[in-house]
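Participant: Chain C: place on chain H using the hints.
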Amino acid sequence: MCGIAGLFIKDKALEPQLGALLARMTSTLCGRGPDSAGFAIYGAERPGAIKITVQGTGTTDFAALAAALGQAIGAEVPFAQHWTHAVLAVPREKTEIAESWIDARSDIALVSKGARLEIFKEVGYPDDVAANFGIPAMAGTHGIAHTRMATESAVTTDGAHPFSTGADQCLVHNGSLSNHASLRRELLADGIRIRTQNDSEVAAGYISRELRAGKSLGQALEDSLCDLDGFFTFVIGTEDGFGVLRDPIACKPAVMAETDQYVAFASEYKSLTGLPGIKTARVWEPKPAQSYFWEHA
Amino acid sequence: MTTFDLETQDLRALNAALHKLPLAGSNQAFRVLNPNGEHSIAVGVDADVEITIDGPVGYFCGGMCRQARITIEGNAGQGVGENMESGLIHVKGDASQSAGATGRGGLLLIEGNASARCGISMKGVDIVVKGDIGHLSGFMAQTGRMVVFGEAGESLGDSLYEARLYVRGPVTSLGADCIAKEMRDEHRAELYDLLKAAGEAGKIDVGDFTRYGSARTLYNFHVDNAGAY
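Order-wise, the sequence lines are chains H and C.
Residue numbers for the first sequence follow the numbering used here, so the first one is 157 and each next one is one higher.
Residue numbers for the second sequence follow the numbering used here, so the first one is -9 and each next one is one higher.
Pulled out of the complex, with its shape left as it was, chain C reads as follows:
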């Protein structure tokens, strides 16, 4: 176990140490003390490493990571896990705006709420939020899955591509071209797997969720609309 105390040690030294880890087989553990809301903690890590951060973090924590398993013992600022490619980011508190933005893979698990634009332009990441999500979440989300135990704010899934959104609570409003869709067996199965990954399988009924997805009408030119141009 390597411990970094950001009260006395430099954030760049921490990130440099994480970047030096070999791509495979390191199986190391890092503990970060006194993160004090610093930005860009543990970004761009590509190693088999367990990172525990002992409090609230600022912007972009765990951004662009591969493989790493990061636990944040507190709230996360804007863009937690933005563009993450694989691995796990577990936020024990709330996440601010744009959580998991453009994420390409891995799992972003948020115990509390996420605010606006959660999963904006996501490209393959899975996001599970145990609380509510804010407005414009899933905006232009391309692929991947987002699961929300609570409520979704205005304009959910606006201009959505092929990401699948599962929301248990009420949705304030749906964005352009986002519609509620039928839950088929394959969807129940994938939702069950996601709940399992989030440690909630068997505690929550997959039947309580509604699936939202693209109506696939937004980007197709339709001859009936020719007069509008």
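Only chain H is shown next, with the shape it has when bound in the complex:
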């Protein structure tokens, strides 16, 4: 089943409430995906830094970790812990070496990197996951969330969405892909880093590869209709944008709402009912095989 929620804020006055609104939207989707939950938040930039979100074991000493990373890359690494995850602020020019250092360790996993993107995901009931990460207190311009009912891979933090395979890029998926094994091999050969056996991460990797080749998100989404075999509704985040795509058969539900203040996506209308002004919002069902995309100017 799985549930997806996405919120793209147009009115800056609403930005401090991004996390609270997104957590509220996700709360109504617990029944669609009680296994695990994840949140991608596009928050404030740190000048000169790239934010790397890592997932620890639950007992990870992130202060010691940040100090060790700082020593390895020769720079101070400020960090903010959120439950089992921490956001490490690494000088932009040290991103690659920091990433290799993190990838070489078995006790932490890289969840996302980017100027603005932070991803928090864990196994557990979505309401608990949101509360433990402190999602309601987070501010930002846009965010996407996922509640998972596992089908193609195990119930682990690795299998939880959103997936990020490129800087400031992330994807959540409701559905299942059939050609993910062959496509994963292809993407790995093309130098896209894919860290799990999950089918949705392959979709994220596919979009990252197409964007890297210079395509617009709209074009990448359109091309995915030919190259991905399976059923899906995707919500995709980039540093400034927010996109939605459904496969041509469109067996997975989707509903959208737009007001002067925001554009919102959800698996069910129920999830939108907590948004301000929803009663007078334009509400519609995104058409199959048509990509929708919004961008901050």
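If you're looking for bench data, these hints aren't it; they were derived computationally from the structure.
No experiment lies behind these values; they were computed from the predicted model shown.
Be a bit skeptical, because a hint or two may be false.
What the hints assert, rightly or not - Derived pair list, reagent style SDA-like, types lysine to any residue, alpha-carbon separation capped at 20 angstroms: (1) C:K82 - H:M412; (2) H:K443 - C:T162; (3) H:K435 - C:G64; (4) H:K443 - C:G83; (5) H:K435 - C:T61.
Facilitator: Using the frame of chain H, we list chain C on its own:
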């Protein structure tokens, strides 16, 4: 008039109250406030009752109903009126996928658009959609009538049995074994009756519609195809 406010009252209590109504002669009215997209509102009702729902509903609203006359003052989620047997469901907004799926009787009236698979496997229900319908609508529809004022998406009436589909606007593509058919007097008459039931008689010309139905070739084994097996 009985009022249920789903902001403070339980959905199961509402449905239980509706299920307790006697099969005949109740002639009651229910008003449901703050439906907030909840699923399965007013399902399985079998009573002479008027139900007004004051906003958008989730999945399966009015499913499996008999007799009841339901008005939804907003959009309806997936499967509105699925397997309805008689009565009326009137959606004032849009309907999501699989509206009226497997419906056996009664009238499902949608003021706005219906999305994919409208009337899939319908078995006697009448569906009138004043806007457009999505892809794969009328898939394997067995009997009953569907009327669409606007456009139909891809693969209309794929693998259709004996349901009759009347579409006024363009059809993106026809599904397997679905063809346009001649409008005879009996078809104009039944379409007029359906428009009348939808409150549109005299406002819309029955001559603007095209009838679609089964070519009746799909399920008949033809000896010329023997080599294909």
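Participant: Starting from K435 (chain H), check that the Cα of G64 (chain C) is at most 20 angstroms away, please.
Facilitator: holds (10 angstroms)
Participant: Does the alpha-carbon distance linking K435 (chain H) and T61 (chain C) stay inside the 20 angstroms limit?
Facilitator: Cα-Cα ~18 angstroms, so holds.
Participant: Does G83 (chain C) sit within 20 angstroms of K443 (chain H), going by the straight-line distance between their CA atoms?
Facilitator: Cα-Cα ~17 angstroms, so holds.
Participant: So if I understand the rule, the pair passes when the alpha-carbon distance is 20 angstroms or less; does K82 (chain C) with M412 (chain H) pass?
Facilitator: Within the cut-off at roughly 18 angstroms; holds.
Participant: Quick one, are K443 (chain H) and T162 (chain C) close enough, alpha carbons at most 20 angstroms?
Facilitator: Holds. K443 (chain H) to T162 (chain C) sits at ~14 angstroms (cutoff 20 angstroms).
Checked against the numbered hints given earlier, this structure breaks none of them.
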